[in-house]
Amino acid sequence: MSRRYDSRTTIFSPEGRLYQVEYAMEAIGNAGSAIGILSKDGVVLVGEKKVTSKLLQTSTSTEKMYKIDDHVACAVAGIMSDANILINTARVQAQRYTFSYQEPMPVEQLVQSLCDTKQGYTQFGGLRPFGVSFLFAGWDKNYGFQLYMSDPSGNYGGWKAAAVGANNQAAQSMLKQDYKDDISREEAVQLALKVLSKTMDSTSLTSEKLELAEIFLSSSGKVKYQVCTPEDLSKMLVKYGVTQPPAEA
Amino acid sequence: MVGKNCFAIASDRRLGVQLQTIATDFQRIFKIHDKLFLGLSGLGSDAQTLHQRLVFRHKLYQLREERDMKPETFASLVSAMLYEKRFGPYFVQPVIAGLGEDDKPFICTMDSIGAKELAKDFVVAGTASESLYGACESMFKPDMDHEELFETISQALVSSIDRDCLSGWGGHVYIVTPTEVTERILKGRMD
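Sequence lines, in order, name chains B and Z. The numbers in the UniProt record's numbering rise by one with no breaks, and the one at position 98 of the first sequence is 98. The numbers in the UniProt record's numbering rise by one with no breaks, and the one at position 155 of the second sequence is 155.
Don't read these hints as lab results, they were simulated from the structure. Cβ atoms here follow ideal geometry from the backbone N, Cα and C, with glycine treated the same way. Watch out, some of these pointers could steer you wrong.
To be verified - Label pairs and their in silico Cβ distance ranges:
1. B:Tyr101 <-> Z:Ala115: 30 to 36 Å
2. Z:Leu60 <-> B:Lys176: 36 to 42 Å
3. Z:Ala119 <-> B:Thr52: 49 to 55 Å
4. Z:Thr179 <-> B:Gln112: 54 to 60 Å
5. Z:Lys85 <-> B:Asn142: 48 to 54 Å
6. B:Asn155 <-> Z:Lys187: 57 to 63 Å
7. B:Arg128 <-> Z:Glu84: 53 to 59 Å
8. Z:Glu84 <-> B:Gln109: 27 to 33 Å
To be verified - Interface residues of chain Z toward chain B, partial, derived using beta-carbon atoms under 8 Å:
9. Gln52
10. Phe56
11. Lys59
12. Leu60
13. Leu63
14. Glu66
Based on the provided sequences and hints, a complete structural model is requested.
Written out as structure tokens, the structure is:
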């Protein structure tokens with residue numbers, strides 16, 4: 001069809017599409033999903049871990065959730081190596097802002113600045129776009145808790161609830177049905193786990209396959225980013241009735 | 001100053017331009033993380049800028065390595081940053097104090113272009129440094145506990161800055177043990 005227009009990122013197709021960008025989004029559609037939900041007292045991020053071999057060295061570091069600054073974190077879907085570069089860029093941008101202005105970078109500005117970087121790879125340089133979609137969760141003093149979704153084209157939007165990665169259409173429609181505007185953080189965790197359990201392909205759902213992180217204000221008023229421990233996550237899965245033990249081999 | 005499994009870091013509170021006093025509550029000691037403190041004496045503007053640059057570097061280190069910087073590593077970082085400006089230096093003399101591996105106290109100072117000076121007992125910096133060397137040398141005892149350490153460092157600080165016309169307006173003392181950080185303000189000659 002228009003095969004001769006899809007090998008270069010920097011040209012449009014006759015139908016006005018950027019094929020490389022769309023192919024990048026295809027790559028993300030095969031990756032582990034992530035869901036973010038904005039509640040009135042925090043933001044919840046849940047991710048599905050794709051690599052769950054017993055041989056994997058599980059250290060304290062996470063596969064899908066990354067802290068960008070004290071007040072912003074993100075969940076990743078797509079090519080992990082691309083994500084690492086972008087996360088490092090985001091971290092440096094946040095620190096540069098803090099160095100210049102001596103205050104934390106507003107979340108939207110951080111997302112915008114990172115998306116500008118992503119956009120550059122769709123317009124010039126002849127390099128392929130990043131195959132990553134992000135869900136940014138953060139708090140700043142101007143707009144409180146916020147959730148943003150960004151994709152390889154460099155587009156971003158503020159959302160109340162969003163899903164990226166595999167089966168994100170199904171997850172998004174489920175979220176649209178069940179989300180309420182005044183949802184609390186606990187209810188948001190419950191909803192996220194429920195939606196993820198329904199959209200995940202795997203046959204069993206244990207705490208090894210998931211990652212859960214929350215951004216909220218601690219009792220002293222400081223923003224806190226907390227990743228749930230596997231033990232607490234297991235208890236929550238049982239509590240909300242979504243756990244499915246692995247089938248006996 | 002080093003104590004038994006603890007350390008103390010103290011500074012005066014005057015910010016002045018030769019004879020004029022600009023502020024009497026100037027913060028010269030900065031916390032990098034719970035077990036690492038940095039004191040910067042010298043030009044006020046350079047002290048603040050250097051501190052901001054170090055916070056930048058340390059925050060990125062924390063995010064990437066997922067742990068706090070060790071005091072020895074931090075000292076090397078400060079030294080490298082100061083030497084970068086070898087031919088247009090920051091006019092500061094840093095004093096670094098922290099609890100390293102197994103909560104072993106670590107202190108060091110350096111000149112304005114990054115020459116590190118490690119010590120086992122105490123380090124000093126600033127306009128009253130000669131007086132401080134004398135006071136610390138005579139008052140210091142090894143393995144003091146944190147209360148005695150507080151008394152000793154306070155006496156050494158206050159007696160030295162009271163005799164120095166460019167230092168004064170009280171003192172700021174931080175005592176750091178593996179479990180807590182105590183901050184106290186001292187009253188000296190207010191002139």
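Hints, one by one, checked against the model:
A beta carbon spacing of about 33 Å between Tyr101 of chain B and Ala115 of chain Z agrees with the range 30 to 36 Å that was offered as a hint. Range check, Leu60 of chain Z to Lys176 of chain B: about 38 Å between beta-carbon atoms, so the 36 to 42 Å window is met. Checking the proposed 49 to 55 Å range against Ala119 of chain Z and Thr52 of chain B shows it holds: the Cβ atoms sit about 51 Å from each other. Our hint of 54 to 60 Å for Thr179 of chain Z and Gln112 of chain B is violated, since their Cβ atoms are close to 43 Å apart.
Between Lys85 of chain Z and Asn142 of chain B the C-beta distance comes to about 36 Å, which lies outside the given range of 48 to 54 Å. For Asn155 of chain B and Lys187 of chain Z, the hinted distance range of 57 to 63 Å is satisfied, since their beta carbons lie about 60 Å from each other. A hinted range of 53 to 59 Å is violated for the C-beta pair Arg128 of chain B and Glu84 of chain Z, which are about 36 Å apart. At roughly 29 Å, the beta carbons of Glu84 of chain Z and Gln109 of chain B sit within the given window of 27 to 33 Å.
At about 5 Å, the closest approach between the beta carbon of Gln52 of chain Z and any beta carbon in chain B falls short of 8 Å, and the interface hint on this residue holds. Checking Phe56 of chain Z against chain B by beta carbon gives a least distance of about 5 Å; that is within 8 Å, so the hint holds. For Lys59 of chain Z, the shortest C-beta to C-beta distance to chain B is roughly 6 Å, which falls under 8 Å, so the interface hint holds. Interface hint at Leu60 of chain Z: satisfied, since its Cβ lies 6 Å from the closest Cβ of chain B, which is below the 8 Å cut-off.
With a cut of 8 Å, the hint placing Leu63 of chain Z at the interface with chain B holds, because the nearest CB-to-CB distance is about 5 Å. With its C-beta approaching chain B no nearer than about 6 Å, Glu66 of chain Z sits inside the 8 Å limit, and its interface hint holds.
Of the numbered hints listed earlier, those contradicted by the structure are 4, 5, 7.
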